[in-house]
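Top line first, the protein sequences correspond to chains A and B. Numbering-wise (this note's numbering), the first sequence opens with residue 2 and increments by one. Numbering-wise (this note's numbering), the second sequence opens with residue 620 and increments by one.
Note that these hints are calculated values from the structure, not bench results. Please read these numbers as outputs of a predicted model, since none were measured by experiment. For each residue, glycine too, the CB sits at the ideal point set by N, CA and C. A hint or two may mislead.
Unchecked claim - Selected chain A positions facing chain B (in silico; Cβ < 7 angstroms): (1) R463; (2) G471; (3) E505; (4) I552; (5) L553; (6) A555.
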Amino acid sequence: MRGYVKKFPPCRGACPAHVNVQAYVCLIQMGKFREAVEVIRRDLPFPAICGRVCFSPCEDACSRINIDQSVAIRSLKRLVADIEREQGRVAVKPVPKKYDEKVAIIGAGPAGLAAAYELAKLGYPVTVFERMPELGGMMRYCIPDYRLEKFVVKNEIDYILGLGVEVKTGVEFGKDITVDSLKRDGYKAIFIAIGAQLSAKLNIPGEDLEGVIHAVDFLRSLALGKRLNIGETVAVIGGGNTAIDAARTAKRLGAKRVMILYRRSREEMPAHPWEVEMAEKDGVKFYFLVAPKRIIGEGGRVRAVECLRMRLSEPDETGRRRPIPIPFTEHQYEVDMVIPAIGQVVEISCLPPEIIGKNGLIEADPVTLETKIPGVFAGGDAVTGPASIIEAVGAGKRAALSIHRYLRGEAIEEERIEETTWVKDWSLLEKKERRYESPVEKPHLSFEEVRAYLERVQRAARFEAFRCLGCGPCAECLAGVDLCVKDKAIVDESKCVGCNLCVEICPFGAIVKNESGVAQVNEEICKGCGTCAARCPKEAITLENISTDKILSALSNALVVRVV
Amino acid sequence: MEAGLRIICFICDWAFPEWSIETPPNVSVIQVKCIGRLDPIIILEAFARGVDGVIVVGCKWPDCHFIDGSLYGERTIRLLKKIMALTGLETERLRLEMVSPIENRSLSSIVEKFIDDIKDFGPLFKGKEADKELLFNLQAAEQAVTWSRLRMLSGRERKLTEKVNVYGERISQEEYDRLIEEALEEEYIRSKIYLITKGKPASVEEISRRIGVDSFLVLQHIVTLRRKGLLGVDRIEGYTPLYKALEVG
Ligand SMILES: Cc1cc2nc3c(=O)[nH]c(=O)nc-3n(C[C@H](O)[C@H](O)[C@H](O)COP(=O)(O)OP(=O)(O)OC[C@H]3O[C@@H](n4cnc5c(N)ncnc54)[C@H](O)[C@@H]3O)c2cc1C
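Work out the full structure, taking the sequences as your base and the hints as a guide.
Here it is, written out as structure tokens:
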């Protein structure tokens, strides 16, 4: 069986790392913030990072979006992670090594780190090889500080290392080490997660002039502490989130005018609308339907970009509208710095040729992440092209599972969670706009402000969490937390007459009738609300823990106490 | 506080953050998973045990933790009010308050308002002869809500009134109310007959006198109860059959 259906609420299903959203939101409702972080960490080692910069597919899937706005899941995650950091995390203990097979991980981005995290938890000796001095990949070197502070990244990576993961920095795959050398050194499995670190080229004249620097290189140089000459007028080329980050960074570093040139229109921008909005707030100007034709220099330095106007074609088969240059519409923007941000590509030169696919990415099975070389797995941006942190984490987790099965000699592809189930169809309701600013998030706060702020927002956070509809089945969040009496409906088959009432009213569709017409409760889905038990015409349904008799005896107790 | 009226407050586990569950001393709070969990018998039993007022606090749609559990709870309260009217109980002694956990309302003010509104009714049992009648009525009501007819009909209320059936029709709320009221009246009388004959065998005439219902009607109900296997002839005295309730199950 390849892929099986697991009943997840939509938020958890939409998350590539399947973080148990409903569970931690539920814990936040009850004010159990620390437990909430622990629940997040079961699936994701980066609560604070993702709480800041995740694109949060969970919020897009949130059922509440059909009623008003989705629950501010990402902000809640950030909040509990920040509270934990404020209060001090419980020290991590190394996980005892249960297995001997050494695993090598190439690249310390979110994909590589998530795989290391999972494998370390399973008890494997893991070594992460990274060519940069610091770990974190794009999270450390490209996402700007004002969105994701470096100490946050370090703090969460420290947690992973605390589990007993070995790290070797300054080691370059393809040069210092290869698949063969690693195998010789006794590594039994390899996970390649080198990301998509190279900037895509514009391939127009003038691209090598002084003053032209590609976005990822620009951001990385800054993160490495290099001093760069920031121009007065900066043109950023591209419409993705990277373009926005580069533009806002340039603005923060003192550029007087920053413009983003994009060849399609606003609607087609791959950048998220809230990112665009923030950039506009920072004073970045957008020019749409323009594409650079050449960069004009003077004395070896950038002086202007020459652009052509574009128009959009009718949507093609894929529904995308291609930009078409309009002849004779050349015009120039006077600038002294150009930052192309038109995408990143995988640095394939360091890779064994047999795993390189046709499209310049690593070729790997989309589910198991196996490559053509046995024992070598690959995932993250290097396989998908530039994507997101949470997708990279999802890939890391899948790879870890595959590696574990490979090393244990088990079938690698069995029983993968692929599909998820909507518990209830809310989509009939009118869909409302997604909210981008959350009531609990305040993006720019100094370190000192945070503590006071957290105090204030704790209650706000709990109310925000209460907006969760809990539309999924029992999330089993409370195992070991002792908060919720887990309950299940039980059908007395000898009493059931098969009237179908419970099947009709169960809010979660947890009850079906079997072949002999008797109601059957699916224990995985039942949340024990008791709506069926309160109505069963034959009183054939009771609850495992809190039966009607129990409520009645609570009533008696209440009355006895009153008399005394 | 008004001569310490005894109040029971059923609240949903999810309706309030813990800091706002505070109530006056004469109020006992019983938490349930969802107000949809409240079997009508629980509330009738509270009154039968001499509780003077019951307030149920659940979550407004869409904030119910169990999607529409609270909407079912709402219907149960509506049913209970109709039953209470039959038993001669002031329907105001039962109140439903729907809150949203997001609203951050204080439970104590909701409860205090309720107590204030019912204080003029005084205690439910006044220590008089009428108490016995009321208790009997309540017991009959409890019996009625355990039988499948009312449970079936009220369990289907939302489906019948909110959804369109395969023929593209929907029952209006008024039609449904008529249906349920009719069923309620019949089941209530049948429950009384059942309870009386449970104590000791009785004739149609005796029953008719005891519950103040026309003897022809009593006979009709007896026929139905016999058909359902709930009632049997105990013996015949002279020409008069005496009926006795049968244990079921
Ligand atoms: C400017 C920018 C902003 C972004 N903002 C967001 C955001 O807000 N939210 C979000 O979810 N995602 C964002 N992303 C995308 C996200 O950062 C990436 O999708 C994610 O980091 C990919 O993870 P990865 O582990 O696959 O690769 P990477 O993070 O790229 O990590 C790859 C690692 O491998 C190392 N490596 C590469 N080659 C070698 C080699 N030969 N030998 C040894 N080590 C090597 C690299 O140094 C790096 O540490 C952003 C990306 C950019 C560029």
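Verification of the supplied hints:
no., hint, result
1, R463, "holds, 6 angstroms"
2, G471, "holds, 5 angstroms"
3, E505, "holds, 6 angstroms"
4, I552, "holds, 5 angstroms"
5, L553, "holds, 6 angstroms"
6, A555, "holds, 5 angstroms"
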